[in-house]
Amino acid sequence: MTIQILVFLILAAIAIGTAVGMLVSRNAIYAVLFLVSNFITVAVLYLLLGAPFISLAQVTVYAGAIMVLFLFVIMLLGGEKLPVAAGWGKQRWAIIGVAVVVLVEAGLLLVLKGDMSLMLIESAMDAGPASIGMTLFTKYALPFELTSVILLSALVGAIVLTKQDKP
Amino acid sequence: MIWEWLIKSLVLILSLTTGFAYVTLMERVVLARIQVRIGPNRAGPRGILQPIADAIKLIFKEELIPTNADKFMFIVAPVITVIPALVVSAVVPWGPTLTIGNFSTPMGLADINVGVLYIMAITSISVYGITLAGWSSNNKYATLGGLRATAQMISYELALGLAFVGPVMLAGSLSINSIVEAQKTLPFILLQPVAFVIYFTASLAEINRAPFDMPEAEQELTAGYHVEYSGMKFALFFMAEYIKMITVAIIGSSLFLGGYQGPFVDQYPLLGFVYLFLKAFLWLFVIIWIRATLPRIRYDRLMALGWKVLFPIALANVLVTAVVLVLIGG
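Line by line, the protein sequences are chains A and B.
The first sequence runs 1441 to 1607 under my numbering.
The second sequence runs 7 to 336 under my numbering.
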């Protein structure tokens, strides 16, 4: 268990590091790559929790499909170089407020929920593809189908919005 | 057993890299024969040492980095391209369980219950290397090649993923081992001919091989994303391309041609390796044959083929397979 916590701490450090890197990077391509590394690190965390299906779905969907599109659009539009940092301006207090709230919540969670090793044990359940499929299509069938309808309507909406009238 | 894993990984990586060297030779020889030429025949008997000569030449080439290139990305991009190509075939079994005396081990690196999904995940991130190589070179041909590669690979990934679903539904499992075992009597190419054709076409597009080699079209893009690369960095791209060919052949053989299954494979497990090799060899030969025969198709046709032909057919195939499976109670 100690090795598992050690690995978790290393991965968590990488995840936080890449997330911060994404935020402070002044080059959009590097920001995308930091985010990709972050997604992959989180996928490895899922693997550590005994959820290979979620882990690989995360890599396929987020690190693979979505971020490739991000990269594609950035390269196509040539918007790699962001302007020099303009300072936080009026958003400063909002940023500090959100950061304080998140930190306090994380601290409360740690204090109230006890140590991390307990959380690791609780989540180590059967999360194979078969059981996930059964759960999705029986217990959560309605939310699942609703999500797909929402995604479909978003897709149709995007096409309608960008479609130009024939001249 | 960490040593077992290490040895198996070493076997996998060494066979892939050796395979890469000799697939280049095979491609040159087969192309030469089809075009009524002689082909490489100077280094060693029948040109058998040609890959080694090529490797030595590439090691001693000068490494050029363009002045305005993004140096870090320029150096990292070939590595990002090679690693997915090397690791993607880790879930494919090479044969049934091998028993030597008291020691028995499954032939294959990893039998995970999400094998097919693993392949999808690795192929979906393998596009980064090519895209970044094109972008970091700071060269318009390279950037265009990288963009083309991205668009092409994400378009054909959908059809490829749906082609995987056919064998997965027939076998009732996402593990490649179970899919191969389910083909003991009948290879899935007979039950899923449509999925096989879609897999074959989409995989050619996915690895940027002719007739879908738009990202590296010599005539219009000089060489596409790797135009600025030289020496070993170029060799890495070359290696990735050929290892991807081998991987596509191995995965395709396992999904549709029965993988290591064949006569007497239960008595002699090592035969499984031979069967897999022969099937992959045949597959590679067909890929090279297609390169020698078909002209490159136009870019808009390529996109239209991916989205308007392959994708709907693959979707219909999944639907029909599912309905039939439910009706016959499979």
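Quick caveat, the hints were computed from the structure, so don't treat them as lab data.
One or more of the hints may lead you astray.
[Unchecked claim] Keeping only pairs whose Cα atoms sit at most 27 Å apart, straight-line, the calculated DSS-like set for lysine-lysine is:
| id | chain 1 | residue 1 | chain 2 | residue 2 |
| --- | --- | --- | --- | --- |
| 1 | B | K190 | A | K1603 |
| 2 | B | K190 | B | K14 |
| 3 | A | K1521 | B | K146 |
| 4 | B | K67 | B | K190 |
| 5 | B | K77 | A | K1521 |
When the hints from earlier in the document are held up against this structure, which numbers fail? 1, 4
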